[in-house]
Amino acid sequence: MNLEKTLTAANKEISAVKTASDLEKVRIKFLGRAGLVNQLFKTIKDLPPEEKKDAGQELNLVKNKIEALISRQEKQLDKPGKTSKKPVKFYYALPKLGHLHPITITAEEISTFFKSLGFSTYEGPEIETDEYCFRRLNVPTNHPARDMQDTIYIRKPEILLRTQASAIETRLLEKETPPFKAAFAARVYRNEKVNKSNHFIFHHYQAVAVDKDITLKDLIGTLDALFKKLYGDEVVVRYRCKYYPEVEPGLGLDIACFACHGQGCSLCKGVGWIEMGGAGIIHPRVLSMAGIDPKIWHGFAFGLGLDRWVMAKYQIGDIRTLLGGNLAYKPNQP
Amino acid sequence: MKIIYSEIKKLLPGLNQPVKKLVQDLTLIGHFVDGLEEEGNSVVISLEVKQNRADCLGYWGVAKDLAVLYNLNLEEPKIDLPNITGQKALPIRIEAQKQVTRVMAVKINHLNNQPSPKWLKTILSLHDINSINTLVDLTNYIMLLWGIPNHAFDARKSTDNLIWETNQGKFDHFASFDGTKIALEKGTLQISNGKEVLSLAGIVGGQNFGVSLNTKEAIVEMAIYHPTRVRLDSKSLKVVTEASIRLEKQLDPELVPTAFNHLISLILKHCQGKVASSIFNYYPKEKKLSPHTINFNPKGPATIAGVNIDEGFSLKTLKSLGCLVNQKEKNSWLVVPPSLRPDLELEEDLAEEVIRFWGYQNIPTDQPISAEILPNITPQILHFIEAAQNILVNLGYDEIRSWPLIKKSQFLKAHFLPEEAKAIYTQNNINDHYPLMRASICSSLKIQNRQYQKLKIPQRRFFEIGKIFYQNEEQPQERWSLGIFDQSAKKLIRKMKQFYHDLGIKPPEKISIVKADGGAMMEIDLNQLVKNLSRIPKITITKSPQRVDQAAQELTGQIVDLDANLIFSQEKDPRELIEEYQAKFDPDILWQLVVLDFYQEEKVYKYTLRAFYYNCSAKVAKKTHREVFGNLGAE
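If you read the sequences in order, they're chains A and B. Its first residue numbered 1, the first sequence is counted upward by one per residue in my numbering. Its first residue numbered 1001, the second sequence is counted upward by one per residue in my numbering.
None of these hints come from the bench; they were simulated from the model. Treat each hint with caution, since some may be false.
Unchecked claim - In silico DSSO-like pairs for lysine-lysine, Cα to Cα no more than 30 Å straight-line:
#1 B/Lys1490 <-> B/Lys1543
#2 A/Lys52 <-> A/Lys313
#3 A/Lys330 <-> B/Lys1497
#4 A/Lys313 <-> A/Lys115
#5 B/Lys1009 <-> A/Lys156
#6 B/Lys1606 <-> A/Lys75
#7 B/Lys1454 <-> B/Lys1515
#8 A/Lys313 <-> B/Lys1288
#9 A/Lys75 <-> B/Lys1572
Bear in mind that the values here come from a model prediction, so they are computed numbers and not experimental data.
Build out the structure end to end from the sequences listed, making use of the hints.
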């Protein structure tokens, strides 16, 4: 259906009429029961299902515009002695495209990779308990490891806003029966002052796998494949020993700086590497607390911070932009 | 923790790795190097010490790891201590026995305390510690070397009657060595002389009892406490020091005599003086670390890593770390970790030790987890959310994500929440303007709409899917909610009918919308809606920009709109007109181009185009406008 041609033709004919009767003829031609517009409506039923909706909407729009042109022309004809025509209200914009948020897009890119490896996805509460957010991750009360995360409390000390996606992991371990694999993005909260570089709300991406023969090699192989998928085969990933209470052994993940390729620059603060997240083999105590026998089952878990990653990818300089800030989408970027 | 290359080399004379290699290796075995500085002839390496490796808050612990890594001999500093016998005992009392693990103390008289020698000043300066005088500087030096904090009192001011006790309310304030006044709390661990508080144990010394150049008699003490006590005191009093950072972790009480003797020997050497008391040594039997034995299968590290790690390498590594290793039976060894390493509790901890020295970098990177399909455990709501957001994108809506914490004035309650639902407040959010959890996505939509209005964004049409929060009978609850905003109420209703249709659900007879500033919005309970679905349709995004990263923009200021009147002798197709002119712009500043008006007079066709400019000044926008449209560009 060439609607724009129909609209242009209607506009031309309507503008050219000199009398009310001619205008009525044109109206019947386009909008009458057997008119061009109704004929076009009838053709919609033959379109593929996925096109019907849009075609209907667009045709309605054309119909409305023709009605407006006729109405305006009627008013013109009512005013004798004037040969020139007043402006016709004629707003036209390219159709507005919708967009997903960059965090959603990035999380989905990662999820696509994990789905290809048979992972499900998962979710859990944002208002959590100390039990699931800390104790079941092998972080007892008053443990110095708690300093790694400043917590926002709803009811101190028991009810809080989850500080890490690992809180979903503890729910998953408790609820599901192994073997299982799941990967998920999650909003997390830390009690930090909001400014250009820090936010009290940000996003983690976490993956968990529990099976009988999970090893560090599986974990490192999976992470390497993920980073290659996201950054290309040339990406250099570094795995180093790091302490996280919920895993043993624990790993820190760094990738060679995109900007300086490991030589050291302002982006990587001179160290040549950019820290991407943490990982490890799930601590036997964490499995036991969830009712999973660590003598039979083993698992890996890893978590990545999404926000800085997204900021680099979308060239966003202020972390506040990501959440309800100045992020907007060009309506019809090709 | 900083280490000076030349200082660690004194403990490892065979160390000859270039600094760059040393830095890489330290990072790989778990001591992340986050800084490297050259100051004069010294190289200073900054380490991020793992939370469970308190032993590495001193040179000794780091040197032990390097000795294992490079197979080097570790040389203990030479300690020349005279034989101390027959002296009178100090009248020290340990009353807080539950909180104190070990204390060693001694009195030294006839001191000749001087400004520090250059070598000592340099070391402390490289560690960002101010030099005070030789005796005080030596206490800091020993803390850096062995990782165990210690303190010296001027005995003429403090008296010899030191008491380790918890504050029972007798003392209400304390002035630290730098004059800071600290209000004391009941239960704080302190050292007093019965009349005054001399120091907050494990945290900071007092103003009136410190050692100065005039000090002739000093009591030197080194102690280890229950880490939780120090941590709680440090947090509640809001005082964090080099000492408290170390003592809130589990330090090795067995290392105290060596470090203490080293300190005394250095004081006698550099400040002269004579030992005037016997050595006080509180270390009751029940506080002594009982060596714990771990059953260890030397094949374990290979099983965990998934690679072939030689059993001999496993056992050799553990021995080098100071573990006692004895074979129990085939594939089963009994391992007793050294007291320096309280973090080694389980067989998995031992395996990690072996693997980190074997090298994570030696594990193959090309073998990901098997792609075997396991049962799908994805909750239905997540499938549903994906379908819902894709439908909305296809309908031309943009996804936003916003803060679930809001101001009181922004609070709204979703229409589907129970009447008795109450707001949830946070208790300690330091961003105290945002104390409330949102109970309606509409709160977030309104905030975003206001922001978009400020930025003068045309065609505001957006949605958010997220959690909303409330409490029922004191229990926090959360639900998934969808909120949609459109500048046109009619369009919103029409699009929502389409939304329901695409989900395969009959739309409600009346779609309720709420008026918003410059538009309308609505909210849907997704947890409820998903229950109405017999199956969740698979929806893909059919209309999407090719480069989403170029569509999403961080706006740095308001959008500037300028009009241009164009005159043609022929009628134009509006789409072609927009596309023709769009191509003339720098895409980095053109947000959108629309035909705003059309006017025909005889054979003259006039079009008004409106150009929206972003992330540029009004001046740049006007200049660009003139360049593209010439004189037809009207401001």
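Results for each hint:
Simply put, B/Lys1490 and B/Lys1543 have alpha-carbon atoms about 22 Å apart, close enough for the 30 Å limit, and the pair holds. Restraint check for A/Lys52 and A/Lys313: not satisfied, since their Cα atoms lie roughly 36 Å apart, outside the 30 Å limit. With a CA separation close to 26 Å, the supplied pair A/Lys330 and B/Lys1497 stays within the 30 Å bound. Of the supplied pair hints, the one linking A/Lys313 and A/Lys115 holds, its CA atoms being roughly 22 Å apart against a limit of 30 Å.
Among the hinted pairs, B/Lys1009 with A/Lys156 is inconsistent with the structure: their alpha-carbon atoms are about 48 Å apart, more than 30 Å. Distance restraint check for B/Lys1606 and A/Lys75: the Cα-Cα separation of roughly 20 Å lies within the 30 Å cut-off, and the hinted pair is therefore satisfied. Using a Cα cut-off of 30 Å, the hinted pair B/Lys1454 and B/Lys1515 holds, with the two alpha carbons roughly 19 Å apart. Note on A/Lys313 and B/Lys1288: the hinted pairing is violated, with a Cα-Cα distance of about 54 Å set against a maximum of 30 Å.
For the proposed pair A/Lys75 and B/Lys1572, the alpha carbon gap of about 24 Å is at most 30 Å, so the pair holds.
In terms of the numbered hints stated before, the structure departs from hints 2, 5, 8, listed from lowest to highest.
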